[in-house]
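Enquirer: Letter by letter, the chains look like this.
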Amino acid sequence: MKLFNYLLKIDRRIIYIVVGLLVMFPLVKPLGLGVTSGPRARTLFEAIDAVPAGKTILISVDFDPSSMPELYPMLTAVMRHAFAKNLKVLLCGLWVTGAGLADKAATEIPPEYGKKYGEDVVFLGWKAGVDAVILGMGENIKNVYPVDYYGKPLDSLPMMNTVKQLRDIPIVFAISAGTPGYQDWLLYAQSRYGMRVGAGVTAVSAADAYPYLQSGQMTGLLAGMKGGAEYEVLVQKAGYSKAYMPAVAAMDSQSLAHVVILLLVIVGNVAYFATRKRGA
Amino acid sequence: MHISTSILTWVAAILTIGIFSFLWKDNPFYKFCEHLFVGVSVGYTIAITWYNSVYPDLFDPLFMAPLSKVSLGNKLLLVIPLVLGLCYFCRFIPRLSWLIRFPMAFVLGWASGVVIPAMLQTNVLKQMQGTFLTPGIFTRWDVLLWAVISFVGVVCSVLYFFFSREHKGALKVASETGIVFLMVGFGASFGYTVMARMSLLIGRLQFMLRDWLGVIR
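Same order as they appear, the protein sequences are chains A and B.
Each residue of the first sequence is one higher than the one before, starting from 1 at the first, in this note's numbering.
Each residue of the second sequence is one higher than the one before, starting from 1001 at the first, in this note's numbering.
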């Protein structure tokens, strides 16, 4: 019983240190637990894989640096997949603080595949007014974005000659950390223009996204860092990329952290009920 | 081990340590990092808003572009959003604060018209459709099983929120079944939240060990 009392009064800082060390260890010495891809990631992968070469996919970067560890690996993995399949990538964003991340991806990923800005990838930037932006893009993208993120007129970018409106894009992949995000793409792009919408979401909001998957409104779902890791594995297994996979590298740490949390939940409950019974 | 020589990486690493220092206890270093984050976020947002939205969509066509490029009619049209936008700032002038009602009325009216039909279509009708037990689901036992569970879950959860009648008899059984489904939902959300928080910690540690200290490749 003394042990239970001690466990209930344990200093939270000790728990932080234990969790920190356990998370750090597999990053230095990987355990090789492996990652298997689930049906939700495979559905998205197959949907993008089926887009004919030369077509354009739209990626909406709707997150900011606070969700970067979870969502940025999805962005890079999907971009690598698209470029390996000779697809063009149109980037935009509904989060003002996400513009820098989309810029980073638009600058770093295309050269890996010999792709050029303006011909194979365009970053439209951010505009105020979420619903107005999506509805406007459904009519004419150039009306909403006369210039791209870097101030270049869209008329001067060869890729934009083939993409006039949302109907010219077979699928949008919305990477969302909250609102605005994938729900807005479902609300306007999917329901009004019939676009296929795939989503990558933070783990916190994953439970909210499942109903759209079950109803068939959403084409594939990547949930949290695990979702990113699943997509990285699919891209690498298909031979589309040999790049470093940050989400896969983090999965051992994630698994160990979950074991610790699980143990803490169980021990905490057992100790609570044991001491409560004694007190009663 | 290859420690980074980039000043930016060092700044990011030191600020990360500053934020993590809160785990030990609140301290001035943490407060400095927190305030810096808020300030940088606001400054960045203002800059992007100006260069990505206000300047190219309003300021440039209205004040900078010649009449040969933007017609007088279009320039006059742009005066409307300019005036509506300026009305928001009237909030800071007590005598004119009532003017904020005009842009608010415009936004509310426009948004209601656009959002309500789309919401009904996406979040009500399509979701109801998703719970229907259609003949197609009877082709595979596992699909049928999940469809029936979804159907029972939706019906019982909705009945739990039916307060016009006392929860007795069949309604009590259904509403208590609904609670079970709700608890499963909360449990799943909690599990995902743990995963999310751990992911953020792992992301920072990856940065510290890989980009800053060069311990991992």
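If you are wondering where the hints come from, they were derived from the structure by calculation, not from laboratory data.
Bear in mind the structure is a predicted one, so any value in this text is a computation, not a measurement.
Cβ coordinates follow ideal geometry from the N, Cα and C atoms, glycine included.
Do not take every clue at face value.
Claimed, not checked - Short, incomplete list of chain A residues facing chain B, as computed with Cβ under 10 Å: (1) Gly32; (2) Thr107; (3) Gly118; (4) Val147; (5) Thr179; (6) Leu187; (7) Arg192; (8) Ala206; (9) Asp208; (10) Ala249; (11) Leu263.
Enquirer: A separate judgement is required for each hint: does it hold in the structure or not?
Expert: Verification of the hints:
1. The restraint placing Gly32 (chain A) at the interface with chain B is violated, with a minimum CB-CB distance near 14 Å, outside the 10 Å limit.
2. With a least beta-carbon distance of about 15 Å to chain B, the hint placing Thr107 (chain A) at the interface is violated under the 10 Å criterion.
3. The beta carbon of Gly118 (chain A) comes no nearer than 18 Å to any beta carbon in chain B, farther than 10 Å, and the hint placing it at the interface is violated.
4. The interface hint given for Val147 (chain A) is met, as the beta carbon of that residue sits about 6 Å from the closest beta carbon of chain B, less than 10 Å.
5. Checking Thr179 (chain A) against chain B by beta carbon gives a least distance of about 12 Å; that is not within 10 Å, so the hint is violated.
6. Interface hint status for Leu187 (chain A): upheld, as the beta-carbon distance to the closest one in chain B is roughly 4 Å, under 10 Å.
7. Residue-level restraint check for Arg192 (chain A) holds (minimum Cβ-Cβ distance to chain B is 7 Å; threshold 10 Å).
8. Below 10 Å, beta-carbon pairs count as interface contacts, and Ala206 (chain A) has one with chain B at about 5 Å; its hint therefore holds.
9. Checking Asp208 (chain A) against chain B by beta carbon gives a least distance of about 8 Å; that is within 10 Å, so the hint holds.
10. The interface hint given for Ala249 (chain A) holds, since its Cβ lies 7 Å from the closest Cβ of chain B, which is under the 10 Å cut-off.
11. For Leu263 (chain A), the interface hint is violated, since its Cβ never comes within 10 Å of a Cβ in chain B; the closest pair sits about 13 Å apart.
In terms of the numbered hints stated before, the structure departs from hints 1, 2, 3, 5, 11, listed from lowest to highest.
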